[in-house]
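Chain A is already provided as a structure; the job is to place chains B, C and D on it using the hints.
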Amino acid sequence: MRSKVVGSFEEAVAGVENGSSILVAGFGEPGTPHNLVEALYKQGASHLTLIANGAGQTREDGVITMGNLIEAKRVARVILAFTASTHPSRKTPLEYLNEAGEIEAQITPQGTLAERIRAGGAGIPAFFTPAGVGTEVTKGKEHREFGGRTYVMEEAITANYALIRCWKADSFGNLVFRRSQRNFNPIMAMAADCTLVEAEEIVEVGTLDPDLIHTSGIFVQRVVSIPDAGGRLEIPPLSLQKTAKNRP
Amino acid sequence: MRSKVVGSFEEAVAGVENGSSILVAGFGEPGTPHNLVEALYKQGASHLTLIANGAGQTREDGVITMGNLIEAKRVARVILAFTASTHPSRKTPLEYLNEAGEIEAQITPQGTLAERIRAGGAGIPAFFTPAGVGTEVTKGKEHREFGGRTYVMEEAITANYALIRCWKADSFGNLVFRRSQRNFNPIMAMAADCTLVEAEEIVEVGTLDPDLIHTSGIFVQRVVSIPDAGGRLEIPPLSLQKTAKNRP
Amino acid sequence: MSNSSKRLTRDLMAARIAAEFKDGWIVNLGVGMPTRCSDFLPEDREVILHAENGVIGYGRNATVAEATPYVVNGGAQPVLLTPVASIVHHADAFAIIRRGLLDVAVLGAYETAANGDFANWRINGRKGGGIGGAMDLAVGAKQVFLLLEHTTRDGLPRLLERCSLPLTASGVVTLVMTDLGLFEPTGSSFRLHEIAPGFTVDDVQQLTGAPILPTPDLREVTI
Amino acid sequence: MSNSSKRLTRDLMAARIAAEFKDGWIVNLGVGMPTRCSDFLPEDREVILHAENGVIGYGRNATVAEATPYVVNGGAQPVLLTPVASIVHHADAFAIIRRGLLDVAVLGAYETAANGDFANWRINGRKGGGIGGAMDLAVGAKQVFLLLEHTTRDGLPRLLERCSLPLTASGVVTLVMTDLGLFEPTGSSFRLHEIAPGFTVDDVQQLTGAPILPTPDLREVTI
Numbered sequence: 004m005r006s007k008v009v010g011s012f013e014e015a016v017a018g019v020e021n022g023s024s025i026l027v028a029g030f031g032e033p034g035t036p037h038n039l040v041e042a043l044y045k046q047g048a049s050h051l052t053l054i055a056n057g058a059g060q061t062r063e064d065g066v067i068t069m070g071n072l073i074e075a076k077r078v079a080r081v082i083l084a085f086t087a088s089t090h091p092s093r094k095t096p097l098e099y100l101n102e103a104g105e106i107e108a109q110i111t112p113q114g115t116l117a118e119r120i121r122a123g124g125a126g127i128p129a130f131f132t133p134a135g136v137g138t139e140v141t142k143g144k145e146h147r148e149f150g151g152r153t154y155v156m157e158e159a160i161t162a163n164y165a166l167i168r169c170w171k172a173d174s175f176g177n178l179v180f181r182r183s184q185r186n187f188n189p190i191m192a193m194a195a196d197c198t199l200v201e202a203e204e205i206v207e208v209g210t211l212d213p214d215l216i217h218t219s220g221i222f223v224q225r226v227v228s229i230p231d232a233g234g235r236l237e238i239p240p241l242s243l244q245k246t247a248k249n250r251p
Numbered sequence: 004m005r006s007k008v009v010g011s012f013e014e015a016v017a018g019v020e021n022g023s024s025i026l027v028a029g030f031g032e033p034g035t036p037h038n039l040v041e042a043l044y045k046q047g048a049s050h051l052t053l054i055a056n057g058a059g060q061t062r063e064d065g066v067i068t069m070g071n072l073i074e075a076k077r078v079a080r081v082i083l084a085f086t087a088s089t090h091p092s093r094k095t096p097l098e099y100l101n102e103a104g105e106i107e108a109q110i111t112p113q114g115t116l117a118e119r120i121r122a123g124g125a126g127i128p129a130f131f132t133p134a135g136v137g138t139e140v141t142k143g144k145e146h147r148e149f150g151g152r153t154y155v156m157e158e159a160i161t162a163n164y165a166l167i168r169c170w171k172a173d174s175f176g177n178l179v180f181r182r183s184q185r186n187f188n189p190i191m192a193m194a195a196d197c198t199l200v201e202a203e204e205i206v207e208v209g210t211l212d213p214d215l216i217h218t219s220g221i222f223v224q225r226v227v228s229i230p231d232a233g234g235r236l237e238i239p240p241l242s243l244q245k246t247a248k249n250r251p
Numbered sequence: 436m437s438n439s440s441k442r443l444t445r446d447l448m449a450a451r452i453a454a455e456f457k458d459g460w461i462v463n464l465g466v467g468m469p470t471r472c473s474d475f476l477p478e479d480r481e482v483i484l485h486a487e488n489g490v491i492g493y494g495r496n497a498t499v500a501e502a503t504p505y506v507v508n509g510g511a512q513p514v515l516l517t518p519v520a521s522i523v524h525h526a527d528a529f530a531i532i533r534r535g536l537l538d539v540a541v542l543g544a545y546e547t548a549a550n551g552d553f554a555n556w557r558i559n560g561r562k563g564g565g566i567g568g569a570m571d572l573a574v575g576a577k578q579v580f581l582l583l584e585h586t587t588r589d590g591l592p593r594l595l596e597r598c599s600l601p602l603t604a605s606g607v608v609t610l611v612m613t614d615l616g617l618f619e620p621t622g623s624s625f626r627l628h629e630i631a632p633g634f635t636v637d638d639v640q641q642l643t644g645a646p647i648l649p650t651p652d653l654r655e656v657t658i
Numbered sequence: 436m437s438n439s440s441k442r443l444t445r446d447l448m449a450a451r452i453a454a455e456f457k458d459g460w461i462v463n464l465g466v467g468m469p470t471r472c473s474d475f476l477p478e479d480r481e482v483i484l485h486a487e488n489g490v491i492g493y494g495r496n497a498t499v500a501e502a503t504p505y506v507v508n509g510g511a512q513p514v515l516l517t518p519v520a521s522i523v524h525h526a527d528a529f530a531i532i533r534r535g536l537l538d539v540a541v542l543g544a545y546e547t548a549a550n551g552d553f554a555n556w557r558i559n560g561r562k563g564g565g566i567g568g569a570m571d572l573a574v575g576a577k578q579v580f581l582l583l584e585h586t587t588r589d590g591l592p593r594l595l596e597r598c599s600l601p602l603t604a605s606g607v608v609t610l611v612m613t614d615l616g617l618f619e620p621t622g623s624s625f626r627l628h629e630i631a632p633g634f635t636v637d638d639v640q641q642l643t644g645a646p647i648l649p650t651p652d653l654r655e656v657t658i
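As you go down the protein sequences, you meet chains A, B, C and D in turn.
Position one of the first sequence corresponds to residue 4 (my numbering), numbered consecutively onward.
Position one of the second sequence corresponds to residue 4 (my numbering), numbered consecutively onward.
Position one of the third sequence corresponds to residue 436 (my numbering), numbered consecutively onward.
Position one of the fourth sequence corresponds to residue 436 (my numbering), numbered consecutively onward.
A couple of the hints might just be wrong.
[Said to hold, decoys possible] If the Cβ cut is set under 10 Å, some of the chain D residues that face chain A in the computed set are:
no.	residue
1	Ile461
2	Ile491
3	Gly492
4	Thr517
5	Pro518
6	Val519
7	Ile522
8	Val523
9	Asp527
10	Ala530
11	Arg533
12	Leu536
13	Gln578
14	Leu600
15	Pro632
[Claimed, not checked] Covered stretches of chain D, going by a simulated chain B footprint (3 or more residues, C-beta under 8 Å):
no.	region
16	494–508
17	558–565
18	580–594
19	638–652
These are computed hints drawn from the structure, not numbers from a lab.
Even glycine gets a Cβ: it sits at the ideal position worked out from N, Cα and C.
This is chain A alone, in the form it adopts within the complex:
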């Protein structure tokens, strides 16, 4: 078995060209491929299209995010469920560039985003959903009734790359996610031509129970081990620090 394991994050993102479309997984902290995003930031590709849940924030703890890529004007287009921060007072680089017309920002309901990606990974070019009907986000789109209810047609999303983070991977690229790390990861891995994975642990082929594998290795092209992760998070989870309650 040829191994898909590469030696560094740099190697994992090698060859990402200007103009590439990139799915970036994660919901909050869990399952966010911070290391691959940082490697992409250093790699230099520009005119990117980013597809993710949100991509606005930059951080003050040194962790490189999609927000940094956007701030550096390396991103031409985003498709997101959040294109602005929830608090108008905390403006993100994306918002400034969006207001200045320097980036194309497509906003889409989160379930529609997830289903468009799932459709892309499933070879389904388009489907109908009730989400957003009667709102400005579905204006100009095709609507149709099924069973007396109105739905809007949405088209699939595929991309050149997906950036994925998992708990365990084997060298064939079979992936296991832990708890809410799963989120967009399995569907994004299916929708990309080239799926790049950062894994907290890489194990021998044959040691993962086939019934427990969340993403089949046939969807994965490159896997890289996160140094010093060993099943733990190498980056202090910001959301955890901010929101976990101090209770007795």
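Coordinates of chains B, C and D only, in the frame set by chain A:
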């Protein structure tokens, strides 16, 4: 936590009314809910719609199948990927009734069938697929081009009931399937209003790893333990006897 | 307003709306105030919490000691799992929503209207916004409860005859909890079921952009 | 036909088509003859077998002693898993197919034509049929190889100028293995690359319903 476990197959299928639509999982032997099908046969409901991969065969080893329900004229309509046996010499009850015009038999490509069920479970009323374009099975259906390729629109399938077989269940209805037992089971469980499960083993709530659960208990209404199964198959697998090779 | 009038705390608002959850319900709690509800679930009832990221069956918010970076709710906050917990991916999490399995979605909002409309994703004049899962939840859940402050920072009403902001969904709101009381949109007015202690119906009417109709058995908000 | 002419056995046909699999290919083997290929995979190449029921990375057919009722291929026959194996549900198994991840689908057929059409699901005059996964596989896989007997039980040709049976898909067949040789549909004819030992091109032409064009380097079928 209220338990969804019921005491018998009879109890599990109680209340299935005439005219019900029923998804029946299984592909070959694995994941086929033989005990629930037998209970449904004894229960007596008629004018049923059955949705399954295939439903033709009757067996000579005493195992009751959907073929027996069809033979007993309890089925008004089927949606299947196989409406006739592969060998014209072995005619099934479904074929005789279909030729006589006594049953409505809709044939659909297997992937379209799976995706229609998945769409039903996902609240997606319709989608486009390339399967069957240019063949007689998509005649009269709406076709449309996306990206220069022609697709056909297919509508979702939902049903009143799903008959499911799993390896392990907890009393909340969380399910784990073993190997190719999975097949149609998870998507059918999602597409039914009332999902009935026969489980080879029932375990305490909290003992199944949340990451390993293939079907969430929120999709499941009733679970029944297969007596004397204990993780093994209580019915001799016909396909196994027939096809496994006698090699040294 | 009397001297004893004090708007309800966020915890009280969350606790009051959580008291509406019925036994066996599957509930989604939106980002912001709604996620607080998981700390106030009625102990005599079994309520299953569903999050957009695919966590089904989570429980209360985690303390710093309990928190792991692997388990977060729809607001990306660390939570604990309950024994019935299971995990699905994002597309399946929204399959559950669209399929209609949620008994209620509790959402935050900028505005809501007597006709059951609400707006929670974009402020007028601002480019971009944050929809998150709200549009899917609003049309998928059997009921939509809102948790919001009764007025803006500038003292303007958030409960209106018609929304002024771009809508999240039309005619779906069934219950509204603010820091002044518990309201039910009726089409042309808000029926006031419960009122914050120390406030009068007139107080509330003055801070509301639509007619307020107190129910005959109007009472103070209590948990 | 000489005395030594004997049609190829099913195992030989399966082995010859399996020899076409390239290193790294993802392959689906259809019900019937094609599933035999898993017993003849080239040992110097890594081939991943995919089945409609969601088993990815299965290997050879199981012996009675090895078989378990939990692991079957697309023909519902017991098989063994390889170390890279993973399992998905039926909808995801077909997502893989439609997404275009399969390098080849090897299918059985009643008929095929020089224009790359084939038919394998319904016999004329018969009500109903068996499509299985064939229509999805035929339009999803990068290539379609067929494995079929060269003639019907009545001696009529199965390789034709145009199919007479309802099509499974149009213009998708890239290689055809019969018990008389290895053929490539070219649009108007079948290019004959390899021929069963003991048969002449004329022998094959007489049993074929479309023009046969032998390649200049025509050779005997060998594994």
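Hints that the structure is at odds with (numbers, increasing) = Violated: hints 13, 14, 15, 18 and 19.
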